[in-house]
Amino acid sequence: MSRHVAPERWAELAAGRVDAHTRAAMELHATECERCRKERARVEQARAAFASVRRETPPLGWESLGARLHWTISSELKRREREAERTEKIPRASSHRWMTPLALSVLGASVCALGLYVWSRGGEGMRAQAEPPARSSAMIELTPPAPTPAPPTQALEGLVTLAEGEVLLDGKPLAADAVLRARSRLTTGAGRVHVQFGDASGFVLEPRSVLELAAFDAHQVELRVEGAVGVQVAHRGADQRFAVVAAGRRVEVRGTIFRVAGSKDGLEVTVTRGRVVVTDGAAGSDEVEIPAGSWLRVPLAVKLAGLHAHPMNDAEAVAAAQRLRVSTLALWPSRAAAQAASAVLHINAPAGTPVSIDDIAVGKGPVVVRVPPGRHLVGAGGRSRWVETEPGVTAEAEAPSVPVHSTRISERARQVEGQLAKHHQRFEVCANRVRAVDPDYTDELVVEIDIGSDGSLRSVVAVKGLPDQVTESCLLDVIRQEFMFPPGSRDTVRKSLRF
Amino acid sequence: MLARMAQSPGGPSERPIGEASEAELIQRCRKGERAAFERLYRDQRRIVAATLFRVLGDRGELDDLTQEVFVIAFRGLERFRGESKISTWLYRICVNVALGRLRSKARRPPPVPMAEPAETSPEESPDTPERLLERREDVARVYRALDQLSPKKRVVIVLHEIEGLDLKEIADIVGAPQVTVRTRLHYARKEFYALVAKDDGPGGKR
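Protein chains in written order, with this note's numbering: chain A, 1 to 499; chain B, 500 to 705.
These aren't lab readings, by the way, just hints derived from the structure by calculation. Hints are supplied without guarantee of correctness; some may be wrong.
Said to hold, decoys possible - To be clear about the criterion: a stretch of chain A counts as covered by chain B if any three or more of its residues have a C-beta under 8 Å from a C-beta of chain B, and this derived list gives those stretches:
| id | segment |
| --- | --- |
| 1 | 7 to 19 |
| 2 | 48 to 54 |
| 3 | 69 to 81 |
| 4 | 427 to 434 |
| 5 | 461 to 475 |
Heads up, the beta-carbon is just placed ideally off N, CA and C, and yes, glycines get one too.
With the hints as extra help, turn the sequences into a complete structure.
Below, the structure is given as structure tokens:
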């Protein structure tokens, strides 16, 4: 065989799918041809690698994925339940549908009979019509209804969806299930509070701020702020006016997401979506329009005339988007329904400890957060635990104990240090792969090692990975295969590997 | 009503969820029993995630896509007739989700071919880190080659060469005649091994 062998033929040879004669010819060619030898080796390595690929599982957060799925399925079941209830009602309604023509027929017949009776009574009947009507049940029905008074303006109500740190409502510590109404006054210390008052509408009051709901109904919303507030207005009524009053100015809302910060130095407004108009509050006063992606600073004693909005740069836009993320519940049929359908998690984490729910950072402890009911993975200080929540119920969740960054070094942490030192050379072998290309290569891998009480390695997870996945996996393999621990307490240790 | 059923521990005749057969599990999932669906998730999650990972060669959105597969499965339980194994049915959903993802991506990000290493059985001697590194390179080469195949070719080669499914099962999963799958597999193999044979590593230094 003088011609080169097609690579897939080497795979067929390895799988035993070529006859003896062809096999011999291919083997002979491989002894003479360097290129085909090399290709054969690679094909065989790839075939062998299939087995590795087959046995590998991508490292996913199974528990957090399970929690997300639990939520989704629960919502789906609830939706089906609602649909089932609705369809149960529809047949009842449709079974009454035949009543309508029958009722009309009966009513028509009654009217005809009454007409005949009146006709048969002649003038007597006419007189009876001229006289003041007697109060019979039939006559009452015919009397036009009295004009109903105009419905009162529908008051809005707000629900706290997330509170972290010190927050006061009307001068008292904020209760987890507090409801905000017109004239409510929120004060934040070092913490912040998120309030939802409509479908995807709400505000987040930033630290060291005071907010009063000066007006809070379907026609007008006016927030008076000392400090800073981020507002998200998703569905403003056609005739609803929405304004934030801060630093002596009035910010009229025309659009959706913006931040207003008022201080003794003046006003700062940032708009990420929609647009707002800043005025002095008086009719006919100067005004400055701020479109999406812009900001405006108005020093206290400066007139608005001549000022104009500035576009945000990328960094400012990112910072604004992060700041203006208001925590809202997905479903908001009404305040009461949202409150009844959601659960409150009160996480008693030590002050300043980062807290996460289902792997999403929500703030620093202690935190009160409104969540969909179900199972949630509450994390604090690098540890986590499951908490079951019921709709309409406040669940108290103690922070998972002993934060990983505790000043006291645990027994397991010391053992991990020892293992790291012992296998240092192994780590260097992994890093040398990249150093062959870049001799100055240095990096940091942060791993979380979960050690069981029997000394087994329960899991090794890269919390902060490396750009080069092969090196990262090599390092993790060293830990998984080489690290040995004696029986002791169960613990999770987070370590940073620098090389 | 569904939710009440979901929360109920099950009728007196129902076995504990851990002992339920595949057909019974599906039946209980259909009734909306969350525990049944949780078991389905626990039993099948690794297969689902691994299949998506192999077809996509990218773990960037793997969490979301795995969730999507299970949500589609949950919604489609009524239509699952039980004529095939749950795993085959889930393969089909995985392939459709992955193909949809591949088609929607104008340009795929570089493959991230890393996963948890397989557990070494007691009789196997554990690999040295150097050997593991070599094994990783071989796996990386496989993914690099897969990444250059068209989505359809990639699916058949993953299902046949890696998952070990036969042509009939693949035809059932991808919804194509067996003869089409056979032809596609032939060209996929040809292209794949040619790519593997020419692969000089990520930096072209090998």
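Do the hints match the structure? See the list:
1. For the segment 7 to 19 of chain A, the proposed coverage by chain B is satisfied: 4 residues have a C-beta within less than 8 Å of a C-beta in that chain, meeting the threshold of three.
2. Coverage of the segment 48 to 54 of chain A by chain B holds. Counting CB-CB distances below 8 Å, 6 residues qualify, and the rule asks for three or more.
3. A count of 10 residues in the segment 69 to 81 of chain A with a Cβ less than 8 Å from any Cβ of chain B is obtained; the coverage claim is therefore met, three being the minimum.
4. Three residues within the 8 Å Cβ limit are the bar, and the segment 427 to 434 of chain A against chain B gives 3, so the coverage statement holds.
5. Counting residues of the segment 461 to 475 of chain A whose beta-carbon sits less than 8 Å from any beta-carbon of chain B gives 5, enough to reach three: the coverage restraint holds.
In the structure shown, no violation is registered for any of the earlier numbered hints.
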